[in-house]
Amino acid sequence: MNDYVLQAEDVAIHYGGVMALDGVSLTLARGQIRGLIGPNGAGKSTVIDAITGRRRLTRGSVHLGGQDVTTLGVVERRARGLSRSFQRTSIFGQMRVRRQVELAAHSMNPQGCVADAEAVLQELELLPRADDVAEDLGYGEQRRLDLALALVGRPTVLLLDEPMAGLSVKESLDLARHLKALTQRWNVSVLLVEHDMDVVFGISDAVTVFELGRVIASGEPAAVRADPRVREAYLGSAA
Amino acid sequence: MTIFRIGLGAACALAVGGAVAALVGSGTVLSLLTQAVVYAVFASGVGLLLKQNGMVSFGHALYFGVSGYAMGIALELGWMPAELAVVATLAAVAVSAFVVGLVIVRVPGVAFSMMTLAIGQMFYLTASRSRGLTGGADGMNVNWPATLFGVPQSLLHQPAVLFLVCWCAMVLVVLGLGLLLRGRFGSVTEAVRDNEERARFIGVRTLLPRAAIYALSATIAALAGMLSVLNTGFISPEALHWSVSGVALMMVVVGGYKALWGPPLGAIVYFLFKDVLGDWASHWMAIFGVALITVIVFSPTGLAGALQRLRRGRPAASAPATRPASAH
Amino acid sequence: MLTINLFNGLVYGALLIVMCSGLALIYGLRRVVNFAHGSLYMLGAYLGYSIALQSNFWVALVAAPAVMALFGVLLDRYGFRLLQDRDPLTVVLVTFGLLLVIEDFVQTVWGKSNLTVDAPAALARSVDFFGTPLPAYRIGVIVVGALVALGLTAWLRGSKAGLFVRAASTDPTTTAMQGVNTDALSAGVVGLGTALAGLAGVVAAPFLSLSPAMSSDVIIDSFVVVVVGGLGSLAGAFIAAMVLGMVQALGAVYLPALSAVLPFVIMVAVLIWKPAGFAGSRT
Chain X
0 MNDYVLQAED
10 VAIHYGGVMA
20 LDGVSLTLAR
30 GQIRGLIGPN
40 GAGKSTVIDA
50 ITGRRRLTRG
60 SVHLGGQDVT
70 TLGVVERRAR
80 GLSRSFQRTS
90 IFGQMRVRRQ
100 VELAAHSMNP
110 QGCVADAEAV
120 LQELELLPRA
130 DDVAEDLGYG
140 EQRRLDLALA
150 LVGRPTVLLL
160 DEPMAGLSVK
170 ESLDLARHLK
180 ALTQRWNVSV
190 LLVEHDMDVV
200 FGISDAVTVF
210 ELGRVIASGE
220 PAAVRADPRV
230 REAYLGSAA
Chain R
0 MTIFRIGLGA
10 ACALAVGGAV
20 AALVGSGTVL
30 SLLTQAVVYA
40 VFASGVGLLL
50 KQNGMVSFGH
60 ALYFGVSGYA
70 MGIALELGWM
80 PAELAVVATL
90 AAVAVSAFVV
100 GLVIVRVPGV
110 AFSMMTLAIG
120 QMFYLTASRS
130 RGLTGGADGM
140 NVNWPATLFG
150 VPQSLLHQPA
160 VLFLVCWCAM
170 VLVVLGLGLL
180 LRGRFGSVTE
190 AVRDNEERAR
200 FIGVRTLLPR
210 AAIYALSATI
220 AALAGMLSVL
230 NTGFISPEAL
240 HWSVSGVALM
250 MVVVGGYKAL
260 WGPPLGAIVY
270 FLFKDVLGDW
280 ASHWMAIFGV
290 ALITVIVFSP
300 TGLAGALQRL
310 RRGRPAASAP
320 ATRPASAH
Chain B
0 MLTINLFNGL
10 VYGALLIVMC
20 SGLALIYGLR
30 RVVNFAHGSL
40 YMLGAYLGYS
50 IALQSNFWVA
60 LVAAPAVMAL
70 FGVLLDRYGF
80 RLLQDRDPLT
90 VVLVTFGLLL
100 VIEDFVQTVW
110 GKSNLTVDAP
120 AALARSVDFF
130 GTPLPAYRIG
140 VIVVGALVAL
150 GLTAWLRGSK
160 AGLFVRAAST
170 DPTTTAMQGV
180 NTDALSAGVV
190 GLGTALAGLA
200 GVVAAPFLSL
210 SPAMSSDVII
220 DSFVVVVVGG
230 LGSLAGAFIA
240 AMVLGMVQAL
250 GAVYLPALSA
260 VLPFVIMVAV
270 LIWKPAGFAG
280 SRT
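Chains as they are written, first to last, in numbering that gives the first Met the number 0: chain X, 0 to 238; chain R, 0 to 327; chain B, 0 to 282.
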């Protein structure tokens with residue numbers, strides 16, 4: 000028995016001749032923030048799909064808190080504390096903000112969903128818009144709503160798929176700092192897919208690097224940054 | 000909307016109905032209004048499916064007509080007392096529509112609409128061609144007994160009383176839906192309608208709620224069918240024709256699909272058009288067709304939406320949040 | 000006896016080919032399921048009737064579809080094009096509104112009673128086919144169906160415009176970006192689609208009488224064909240049309256109760272199994 004809140008072992012996804020993931024293994028410890036980086040098409044989003052159960056695995060297993068969830072669907076995994084946000088904002092356009100966040104909270108914590116919703120709306124500065132219809136929100140507010148839907152109810156494991164997409168440099172750093180503080184306070188373990196290197200190396204406790212559906216490096220941020228294979232594959236002069 | 004405001008609205012509506020029943024002397028006018036109210040209930044059912052599921056059904060006349068036929072047959076064969084037949088029919092529609100819903104709500108977009116059209120027409124053709132008990136294309140009489148739920152026929156069939164019964168049914172339906180949809184069931188179905196995938200990711204099971212809404216909308220349509228045969232004492236295959244569903248859809252769209260009182264408003268407007276247009280009455284279909292197109296283009300949330308916007312001074316409306324077709 | 004029934008199946012199948020290719024084309028390019036297609040068919044038939052009264056059937060055969068083509072171009076330019084960013088179901092409801100207007104127009108101009116159109120004199124006889132006399136006019140209908148099927152296939156595969164249509168059906172954005180005038184193309188294709196509906200109407204008139212109910216009668220069968228054949232696929236529609244024609248003709252004689260219901264059952268089954276139909280959504 001191990002202590003990992005999330006463990007993916009030898010995960011592979013093959014379909015129609017394409018090998019999206021080829022034997023990926025990664026772990027997430029309690030309270031840890033692990034960054035996932037890699038070039039476009041390296042398989043980062045696919046790994047999130049695999050872990051959440053959106054895509055079926057050709058091979059491998061996923062464990063949540065020591066329990067095998069490989070055969071479980073998206074809804075069941077959510078019930079066990081696994082939550083994700085989306086790269087392309089995915090919210091409920093015609094519902095009011097508070098109403099949809101409360102609904103999201105309900106599956107995690109039926110008794111306290113109203114309070115949970117209020118808490119997360121406050122943290123993400125969405126209270127002023129709580130009674131508005133989602134499609135009337137600005138882009139940044141909608142991104143935060145997408146996050147709120149994932150964060151509400153304090154999931155055990157949170158998968159963030161490019162949460163900074165479309166935000167300015169300042170907004171990204173603010174959000175990153177805020178997320179780090181919040182997830183530590185709420186004891187949420189995070190898997191963070193991001194392109195913004197400053198954000199990833201700024202807040203992650205560990206970093207995993209992908210290329211062509213495989214993990215090519217994994218470890219502490221400084222070590223990964225210095226790894227010659229990683230520099231060659233991905234970072235180039237941006238490091 | 001708070002429960003208080005909903006309750007107040009319902010009470011006012013009931014009062015209006017009572018006033019109309021008491022003050023309108025003409026039996027013909029009351030009869031016309033009763034027809035309008037029956038269709039208001041029917042349109043509410045069709046509208047519920049569009050509002051909560053984002054689905055357009057061209058086949059709800061099936062449930063409208065089948066309940067009439069079920070009553071006709073049950074009363075003819077004398078299997079059970081009329082009161083039981085009423086309850087049993089509605090229950091049977093609810094259950095079978097739920098089962099049907101489990102299968103058909105998985106079909107997205109326009110494909111769903113085409114399918115409902117096909118299913119409805121299938122029943123229409125079957126009813127038209129089957130002779131024997133149901134009378135085939137000629138239809139059959141629905142012979143209500145001397146008393147229904149303790150109320151004697153002589154009283155029940157007075158125009159004012161019949162109108163009031165139908166009006167109360169309509170108010171209760173809208174009230175019931177208003178209360179039901181405020182809560183979690185409403186949230187769940189709206190979320191599934193707006194973004195089915197994300198709904199799963201926030202822990203919502205998507206099939207059962209949609210099937211439940213479908214079943215509920217079918218049951219409301221069946222209730223309308225019941226009221227219709229109470230009003231006319233007659234049922235024919237015409238009640239199953241897809242144009243009947245189409246008319247209900249028109250009422251929903253013109254009246255406004257977002258507000259629960261929109262479809263009933265549409266029904267009343269439809270009957271007003273039909274009756275009041277005088278010389279142009281023979282063209283009311285075309286006029287309503289133009290009205291439908293105009294509403295869709297300029298005010299997708301219908302008359303109800305326009306009235307609400309006038310009250311709040313808000314610009315632009317949004318089109319129905321229907322589920323996207325998969326064949327792209 | 001069997002020969003006659005098979006023959007009638009071919010005839011109705013041919014009619015459905017002409018009718019449904021229009022529906023499939025419009026869907027393929029504009030992603031609109033045209034609920035008014037049946038009433039366009041009816042309008043074509045009634046126009047053909049009036050034109051034939053003034054001159055003769057052959058003129059009507061050309062003129063009515065031409066008028067319908069013009070109507071189609073206007074419908075696309077002022078209807079489908081303006082609504083192209085809206086939800087598909089919204090546009091469907093608009094076509095339903097259009098259906099009501101056309102039905103009322105037809106009833107107003109031509110009245111509610113059934114009208115008959117005589118087959119042209121040249122075809123008002125029988126041709127002997129291995130001992131069975133077959134009406135020459137109906138053979139003509141099969142010929143028309145075959146010509147439409149072959150003509151459309153050749154046009155789509157062989158011509159530049161056809162290539163653009165296939166491209167635009169698959170990916171309208173990229174096609175527009177390649178410099179193809181997709182608006183003009185759409186107007187043309189929708190015009191062609193409505194013309195085909197009108198042609199089907201004119202052709203059907205001599206052997207199915209004209210009545211205000213004729214649009215309802217045919218629209219369901221058209222939907223079944225287009226769905227089973229694959230929304231947007233012409234080849235699929237052709238095959239499905241012939242199959243449905245056969246099923247209707249043979250079923251009406253041998254299994255009347257079942258045959259009325261069978262097309263719907265097939266359509267429902269196909270939609271549940273594969274919402275995009277058999278052949279998918281490529282023209």
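Some hints here could point you the wrong way.
What the hints assert, rightly or not - Here are the computed distance ranges between Cβ atoms for each label pair:
#1 R:A10 - X:E134: 53 to 59 Å
#2 R:C11 - X:D173: 46 to 52 Å
#3 X:E231 - B:Q177: 34 to 40 Å
#4 X:P109 - B:L162: 55 to 61 Å
#5 B:I271 - X:S60: 31 to 37 Å
#6 R:L83 - X:E134: 43 to 49 Å
#7 X:D173 - R:A18: 44 to 50 Å
#8 R:L83 - X:P109: 50 to 56 Å
To be verified - From the derived model, a few chain X residues whose C-beta atoms are all more than 10 Å from chain R:
#9 T26
#10 D67
#11 G72
#12 V73
#13 S89
#14 G92
#15 R98
#16 R153
Stated by the list, open to error - Heads up, incomplete: computed chain R residues facing chain X, CB under 10 Å, no partners named:
#17 S25
#18 I72
#19 F97
#20 R105
#21 R183
#22 D193
#23 R199
#24 K257
If you're looking for bench data, these hints aren't it; they were derived computationally from the structure. In this text, a Cβ means the ideal position worked out from N, Cα and C, and glycines have one as well.
Against the structure, the hints come out as follows:
{"no.": "1", "hint": "R:A10 - X:E134: 53 to 59 Å", "in the structure": "violated (34 Å)"}
{"no.": "2", "hint": "R:C11 - X:D173: 46 to 52 Å", "in the structure": "holds (50 Å)"}
{"no.": "3", "hint": "X:E231 - B:Q177: 34 to 40 Å", "in the structure": "holds (38 Å)"}
{"no.": "4", "hint": "X:P109 - B:L162: 55 to 61 Å", "in the structure": "holds (58 Å)"}
{"no.": "5", "hint": "B:I271 - X:S60: 31 to 37 Å", "in the structure": "holds (33 Å)"}
{"no.": "6", "hint": "R:L83 - X:E134: 43 to 49 Å", "in the structure": "holds (48 Å)"}
{"no.": "7", "hint": "X:D173 - R:A18: 44 to 50 Å", "in the structure": "violated (60 Å)"}
{"no.": "8", "hint": "R:L83 - X:P109: 50 to 56 Å", "in the structure": "violated (38 Å)"}
{"no.": "9", "hint": "T26", "in the structure": "holds (23 Å)"}
{"no.": "10", "hint": "D67", "in the structure": "holds (20 Å)"}
{"no.": "11", "hint": "G72", "in the structure": "violated (8 Å)"}
{"no.": "12", "hint": "V73", "in the structure": "violated (5 Å)"}
{"no.": "13", "hint": "S89", "in the structure": "violated (5 Å)"}
{"no.": "14", "hint": "G92", "in the structure": "violated (5 Å)"}
{"no.": "15", "hint": "R98", "in the structure": "violated (6 Å)"}
{"no.": "16", "hint": "R153", "in the structure": "holds (14 Å)"}
{"no.": "17", "hint": "S25", "in the structure": "violated (43 Å)"}
{"no.": "18", "hint": "I72", "in the structure": "violated (42 Å)"}
{"no.": "19", "hint": "F97", "in the structure": "violated (20 Å)"}
{"no.": "20", "hint": "R105", "in the structure": "violated (16 Å)"}
{"no.": "21", "hint": "R183", "in the structure": "holds (7 Å)"}
{"no.": "22", "hint": "D193", "in the structure": "holds (4 Å)"}
{"no.": "23", "hint": "R199", "in the structure": "holds (5 Å)"}
{"no.": "24", "hint": "K257", "in the structure": "holds (9 Å)"}
Of the numbered hints listed earlier, those contradicted by the structure are 1, 7, 8, 11, 12, 13, 14, 15, 17, 18, 19, 20.
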